[in-house]
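Line by line, the protein sequences give chains A and B. Using our numbering, the letters of the first sequence map in sequence onto residues 1 to 196. Using our numbering, the letters of the second sequence map in sequence onto residues 1001 to 1196.
Everything labelled a hint here was simulated from the structure, so no lab data went into it. Some hints here could point you the wrong way.
Only pairs whose alpha carbons sit at most 25 Å apart, straight line, appear in this in silico SDA-like list of lysine to any residue [as the list claims (entries may be wrong)]:
no. : chain 1 : residue 1 : chain 2 : residue 2
1   : B       : Lys-1097  : A       : Lys-61
2   : A       : Lys-175   : B       : Glu-1117
3   : A       : Lys-61    : B       : Tyr-1170
Covered by chain B, according to a simulated footprint, are these stretches of chain A (three or more residues, beta-carbon under 8 Å) [as the list claims (entries may be wrong)]:
no. : stretch
4   : 134-141
5   : 182-193
Every residue gets a Cβ at the ideal spot worked out from N, C-alpha and C, and that includes glycine.
2 protein chains.
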Amino acid sequence: MSPAAETLTAERIIEATEEVLRRHGPAKATVVDVARALGVSHGSVYRHFRTKAALREAVTKRWLDRTHDALSGLAADPGRTPEERLRAWLRALFEAKLRKAGDDPEMFATYSVLAAENGAAVEQHIAELTEQLTAIVAAGVAAGDFAAPGPAVTARALFHATGRFHDPCYAGEWKRPGIQDEFDAVLDLLVRGLRR
Amino acid sequence: MSPAAETLTAERIIEATEEVLRRHGPAKATVVDVARALGVSHGSVYRHFRTKAALREAVTKRWLDRTHDALSGLAADPGRTPEERLRAWLRALFEAKLRKAGDDPEMFATYSVLAAENGAAVEQHIAELTEQLTAIVAAGVAAGDFAAPGPAVTARALFHATGRFHDPCYAGEWKRPGIQDEFDAVLDLLVRGLRR
Chain A
1 MSPAAETLTA ERIIEATEEV LRRHGPAKAT VVDVARALGV SHGSVYRHFR TKAALREAVT
61 KRWLDRTHDA LSGLAADPGR TPEERLRAWL RALFEAKLRK AGDDPEMFAT YSVLAAENGA
121 AVEQHIAELT EQLTAIVAAG VAAGDFAAPG PAVTARALFH ATGRFHDPCY AGEWKRPGIQ
181 DEFDAVLDLL VRGLRR
Chain B
1001 MSPAAETLTA ERIIEATEEV LRRHGPAKAT VVDVARALGV SHGSVYRHFR TKAALREAVT
1061 KRWLDRTHDA LSGLAADPGR TPEERLRAWL RALFEAKLRK AGDDPEMFAT YSVLAAENGA
1121 AVEQHIAELT EQLTAIVAAG VAAGDFAAPG PAVTARALFH ATGRFHDPCY AGEWKRPGIQ
1181 DEFDAVLDLL VRGLRR
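Use the sequences and the hints to build the structure in full.
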């Protein structure tokens, strides 16, 4: 079956765009390249994404979402105490970012360019992550383990205080020896700050 | 008295270089520009700084040092408890960065370029800042106010956890409404983590 014979979905367009970005880089990738890779007209692509900007935003969102799909399970894991959930969640976020940056530095750089262009997608991604953290903090307060003035405010503080271990602007630090010890030191301090 | 008639010191060369950077930007500023601004030959400048890179590093260091000269007094202030010192020191660091970025965004961008070129000067700057933080944490432990596994490790954790409020990569966030509340939330969480 030729690619064009399959039904053209938003999902297939996003996948093809990722491949085109990989080959051409964020500056040069065009909708025509995407259409060519799919064996369809560029008009067909525009029927799913009205502008190139909308397509790039969807690709960015998908890349960001890959992180928190894996995390949402940890945030709600009834087999762990809230403190264990918090530690596992923050560690998993750091590890996901480490993998993304380390396994494919070129695509990481490409997506960093896309993320800088798509502030709204990044904001939404961060809002979803801090919602998960809020649920963990609220569970800890409900269990009597944590004292937090307000779970949402505290969740944002946790997210901000661990920026060194998930914000792409620190990707250059993640290969340094000692980064795991630095992570542990910050996490221990924050957990002590949360405990009743 | 013409500028050339004054004794040519490293300090005067650094000041002139700052002025040249302000006028020409980091990409175009040359040692010849600096010499011209001082009314001396470029050989005279090279007698104080053997290379253009050495001069740029000295300028970077001076700019960075301006932050911690003001902070060292706070770190050792006997009129405040260690917790008060810690809060005042972290707030003063944030405010110094806010001022630098807000009052003169062009020079802040210029110095961010220089800082990226001069990793060693930045490392030394951060080492000096975390030494001051270590002294505050150690004083808190000695006073029985703080529990910290090791003051130096804890000081680095405090520095890393507050990166959003002093690292130039976040300068774009500092103008957002709510940034002061975010700072307070992180600081409160960290202070609770330090208390015995």
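Structure-based check of each hint:
{"no.": "1", "hint": "B:Lys-1097 to A:Lys-61", "verdict": "violated, 32 Å"}
{"no.": "2", "hint": "A:Lys-175 to B:Glu-1117", "verdict": "holds, 19 Å"}
{"no.": "3", "hint": "A:Lys-61 to B:Tyr-1170", "verdict": "holds, 22 Å"}
{"no.": "4", "hint": "134-141", "verdict": "violated (count 0)"}
{"no.": "5", "hint": "182-193", "verdict": "holds (count 9)"}
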